[in-house]
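Using the hints, position chain B against chain A.
Protein sequence lines correspond, in order, to chains A and B.
Just so we're aligned: the first sequence equals residues 1 to 420 in full-length UniProt numbering.
Just so we're aligned: the second sequence equals residues 1 to 125 in full-length UniProt numbering.
Just so you know, these hints were derived from the structure itself, not from any lab.
This one's a predicted model, so the numbers in the text were calculated from it and none came from an experiment.
Note that CB positions come from ideal geometry on N, CA and C, so glycine has one too.
Hints are supplied without guarantee of correctness; some may be wrong.
[Claimed, not checked] Non-contacting residues of chain A with respect to chain B, defined by C-beta distances greater than 12 Å in every case (computed):
1) P229
2) E259
3) Q313
4) T343
5) R389
[Unchecked claim] Straight-line alpha carbon distances no greater than 30 Å define the calculated BS3-like cross-link-like pairs of lysine-lysine that follow:
6) K251(A) to K405(A)
7) K20(B) to K163(A)
8) K101(B) to K163(A)
Here is what each chain is made of, one letter per residue.
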Amino acid sequence: MQDFSAIINELFRSESRRVLATLIRALGDFNLAEDAMQEAFAAASADWESNGIPDDPVAWLISAGRFRAIDLIRREAQFRELLPGIVSRVEEITSRNMVVAGREIEDDQLRLIFTCCHPAIDPRIQVPLTLREVCGLSTEEIADAFLTAPATMAQRIVRGKAKIRSAGIPYVIPSRDELPDRIDAVLSVIYLVYNEGYSASMGSQLLRVELSSEAIRLGRLLVKLLPDPEVMGLLALMLLHESRRDARVDKTGDIVLLEQQDRSTWNYQFIEEGQRLVQQSLASRRIGAYTLQAAISAVHADATVASETDWHQIVALYDVLFQIDTSPVVELNRAVAVAMRDTPTAGLQLINGILDRGELTDYYLTHSARGELLRRSGDLVGAKVAFERAFELAKQDSERRFLAKRLKSLVNHREERDKN
Amino acid sequence: MKYMLLIYSDESCWTEESRKACMIDSMEIAKELEANGKWLDSAPLHSVTTATAVRVRNGNRQITDGPFAETTEQLGGYYIIDVDNLDEAIAIAGRLPPATKGTVEIRPLFPLPEIWEERARKSDA
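Extracted from the complex, chain A is given alone in its bound form:
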């Protein structure tokens, strides 16, 4: 006998968000759709055991959800003594909205993503709302991942849904002229979710991996539904980062720099997929910041040993990136690449230039990079001062442990030199 509860659970995991997205469109209400979706799955586990699994389970679930919703409204209507006309009106609207063709269901998922990432919603709410509604993570899981109390997180999600309803945020795929801006907003939410899961900081390891894989799943979905070059660029960037997840920390949880990573532990399946997407995106000739960052990451991935890295190409890519995104952080990364291509002093000059302008002075990575380049150019006293400043500014334990190690190796280095 088949284990129906296992099948239903699996189906819930893989399809519940698609069912929900379509029900939201049909019903025009997030909470009602959520309730209807839950009830549809409950109905499925009762019905399918005796009648067998239907050919198209998603269509079955959507249709069941719709009827459950009408029941729910009818009950509530009686309870709240609402005008009798309202139920028949809802029935009429849902049946008119009820298109369950495959393409339409896929578009509903896009509609849901664009709605949750609408710029009129507070950016701090967009991320949890997307994780809750589009990815189906529980409020407790999201709260855990962001180190927030579940009640606070629940409140934010409720506020987000209330904003959608009261402000009249439409459940649509944006029109062509709005699409570029709106895609940017969606991509930045996905990248935030990814980084939350990738940064080796806080929260449980299990949840972090889940956040990153959800971001990648969303990226894949978006590429499938909307194959825009930057969408491909972001997915590539995430895959290339992800390929180094195991290599970038050692067994004790300390940071391992790209240069020192054991490249045999990289995930070459992700690298290959990422590189293919970078190629595809670059070929479009409409190149954006995600694609360029992914391209830089792909150049790193090309080198089987760190010393074979093509720094000329990396600097060239940073030059283009800087034209699109003139942020000092890009400038800092470019400076480090220049140091690798030319000399530590060349890189130092560029970093000093940024600091002289009063930018990135409180950013620990500026001082950490400066310290490393000073060390390489033989100025150990200057290096010590820079690493100490970086240590003061670093917030995360793993960053501070890393900098403490650098400082210690500096002292050893000096003792070694003094002996000779």
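The following block gives chain B in isolation, referenced to the frame of chain A:
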């Protein structure tokens, strides 16, 4: 859905000429919206220097000159529109000339009739 577009900008950044041009452009937009059945009301406001504030505290009515706080942007006009959704309201707000100088705040109107119906139902019961 009905929305109010509240137009804020720094009053001092307008010249006589730019204000006039703004009014003409705004009237064009109002006319177009009206033709499509999307316009309910709109008007520019006199300067905040003409404002009067009224507060009733403990049954006493207090009348003071002007707004309470010094802000960099002042309310200079409004639109009330009836459109499908927020995206349409955003598109209209983005076309209003003062949007390039100040801020257009979009606020959905709270649908009053629901409250009236509720009251009516309660008094029937």
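Quick rundown of the hints versus the structure:
1. Non-interface status of P229(A) relative to chain B is upheld: no Cβ of that chain comes within 12 Å, the nearest being about 24 Å off.
2. Consistency note on E259(A): stated as away from chain B, and its beta-carbon is indeed over 12 Å from all of that chain's, at 47 Å minimum.
3. In this structure Q313(A) is separated from chain B by more than 12 Å, as the shortest Cβ-Cβ distance comes to about 41 Å.
4. Every CB of chain B lies more than 12 Å from the CB of T343(A), the least distance being 48 Å, so the non-interface label holds.
5. The claim that R389(A) lies off the interface holds: its Cβ sits roughly 37 Å from the closest Cβ of chain B, which is beyond the 12 Å cut-off.
6. A hinted pair counts as satisfied when its Cα atoms are at most 30 Å apart, and K251(A) with K405(A) qualifies at roughly 16 Å.
7. Between the alpha carbons of K20(B) and K163(A) the distance comes to roughly 36 Å, so the proposed pair goes past 30 Å and is violated.
8. Of the pairs offered as hints, the one joining K101(B) and K163(A) holds, with about 27 Å between alpha carbons and a cut-off of 30 Å not exceeded.
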